[in-house]
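Q: Could you put together the complete structure from these sequences and hints?
Counting in the working numbering, the sequence shown runs from 15 upward without gaps.
Calculated from the structure, these hints are not laboratory results. Honestly, I wouldn't trust all of these hints.
Computed beta-carbon distance windows for the label pairs [stated by the list, open to error]:
1) 233 to 136: 45 to 55 Å
2) 280 to 236: 36 to 46 Å
3) 409 to 267: 18 to 28 Å
Note that the structure is a prediction, hence the values are computed from the model and not measured. Every residue gets a Cβ at the ideal spot worked out from N, C-alpha and C, and that includes glycine.
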Amino acid sequence: MKAVGVIVEYNPFHNGHHYHITESKNETGADIAIAVMSGQFLQRGEPALVDKWHRAKMALSSGIDIVIELPYVFSTGNATHFAEGATQLLDAIQCESFAFGSEQGTIQPFLNTLSLLKKHNEEYNALIKQFVSTGLSYPQSLYMAYEKLKKLEENDYIDLAQPNNILGYHYIEAADRLNLTIKPVTIQRIQAGYHDLINTDLSIASATGIRKSLFETLNLDEIKKFVPTTTFTQLNAWCKSHNQFINWDTLWPLLRYAILRNTPEQLTQYADVTEGIEHALIKAARKSTSFSQFMTNLKSKRYTWTRLQRMITHIYTGITKETLHQFSKPSYIRLLGMTSAGQKYLSENKKSFKLPLISRVASTKDPMLQLDLRATEMYAQGLSLISQHEPNGDYQTPPIRL
Numbered sequence: 015m016k017a018v019g020v021i022v023e024y025n026p027f028h029n030g031h032h033y034h035i036t037e038s039k040n041e042t043g044a045d046i047a048i049a050v051m052s053g054q055f056l057q058r059g060e061p062a063l064v065d066k067w068h069r070a071k072m073a074l075s076s077g078i079d080i081v082i083e084l085p086y087v088f089s090t091g092n093a094t095h096f097a098e099g100a101t102q103l104l105d106a107i108q109c110e111s112f113a114f115g116s117e118q119g120t121i122q123p124f125l126n127t128l129s130l131l132k133k134h135n136e137e138y139n140a141l142i143k144q145f146v147s148t149g150l151s152y153p154q155s156l157y158m159a160y161e162k163l164k165k166l167e168e169n170d171y172i173d174l175a176q177p178n179n180i181l182g183y184h185y186i187e188a189a190d191r192l193n194l195t196i197k198p199v200t201i202q203r204i205q206a207g208y209h210d211l212i213n214t215d216l217s218i219a220s221a222t223g224i225r226k227s228l229f230e231t232l233n234l235d236e237i238k239k240f241v242p243t244t245t246f247t248q249l250n251a252w253c254k255s256h257n258q259f260i261n262w263d264t265l266w267p268l269l270r271y272a273i274l275r276n277t278p279e280q281l282t283q284y285a286d287v288t289e290g291i292e293h294a295l296i297k298a299a300r301k302s303t304s305f306s307q308f309m310t311n312l313k314s315k316r317y318t319w320t321r322l323q324r325m326i327t328h329i330y331t332g333i334t335k336e337t338l339h340q341f342s343k344p345s346y347i348r349l350l351g352m353t354s355a356g357q358k359y360l361s362e363n364k365k366s367f368k369l370p371l372i373s374r375v376a377s378t379k380d381p382m383l384q385l386d387l388r389a390t391e392m393y394a395q396g397l398s399l400i401s402q403h404e405p406n407g408d409y410q411t412p413p414i415r416l
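A: The following block contains the structure:
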């Protein structure tokens, strides 16, 4: 059986994701699709709307055949680290290719961009430092340096101002740098852009737009046309059980406590917390009554919103620099769910997998896995603030079978 891999968060799964899976299978001739999916906390430094099992069920009901978890170490990392973990896992589970959505829609410009930045690497890094020294943020400096390099050679390059192009480039760069044999494929993103709000004239909306609607109204009918029926069912079941969806505003009381219980010196020990911001974190937490107010009080030109959210994710989960930085590559494949076709693929191929397959967490004491278990526990603690229902735990939840 031939497998294509996709790198996802499904926060939540929507019609655009269904289109992406269908086109990925068609483009690659794959028999099954394997999703490596972030767990309870995501790449932009925020908790998932609903837990990983509800999101896995959405995926398995709509074209994905196997869902494996991207460990916390990578799912909360910057784009480079996120891409490294995800591509290595898809390679380890023997996917022949991986397919990502992009604004570009064709693969050659990505390969041209990779070639350009490899060829002019020293000049690229020098330009980045030059732009950072002028007061630009690091992401802005990357973009400006790239735009200047593009003028050196006449070719078709990707637009690195587009969010899906950026992630796609990091996937390709990681696979190339790690010498993985997995082949990149890209699918044109259609109708809704990454940050677009809901447009009722369309059938596809961005996950950002869907989440904004859900948090503002809690009215699932407003997003019904933009998601498969199975996604709507899962979201509806979650809402009935837990009353609302999860974001940092939901978890704010616990996050505030997690910040204020530390001294400034202790805060600097947490992953991604840079020296100098520890006093600002405490000051903002003391005078803020909500997460939104906290971020408004904390935000500055020096730190992007995403970078700040990653810091507070690690403070909330209690993950220190020392703990996080001991891991450089995945050490296992964590199975969250599968269809009958996915189960057949696993039975036929698991002996050739490059990493051990874990279906029950009690069977291993892998240190990287322990961070995933902690993340689930801290997610559940936040859930207990809004719900009387016992949340799903890693030890109590076997892989989903559809």
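Q: Quick one: are residue 280 and residue 236 within 36 to 46 Å, going by C-beta?
A: Given a distance of about 43 Å, which is inside 36 to 46 Å, the answer is holds.
Q: Is it true that the C-beta distance of residue 409 to residue 267 lies inside 18 to 28 Å, as the hint says?
A: holds, 26 Å
Q: May I ask you to test the hint 45 to 55 Å on the CB atoms belonging to residue 233 and residue 136?
A: With Cβ atoms ~54 Å apart, the hint holds.
Violation of the numbered hints given earlier is absent; every hint is satisfied by the structure.
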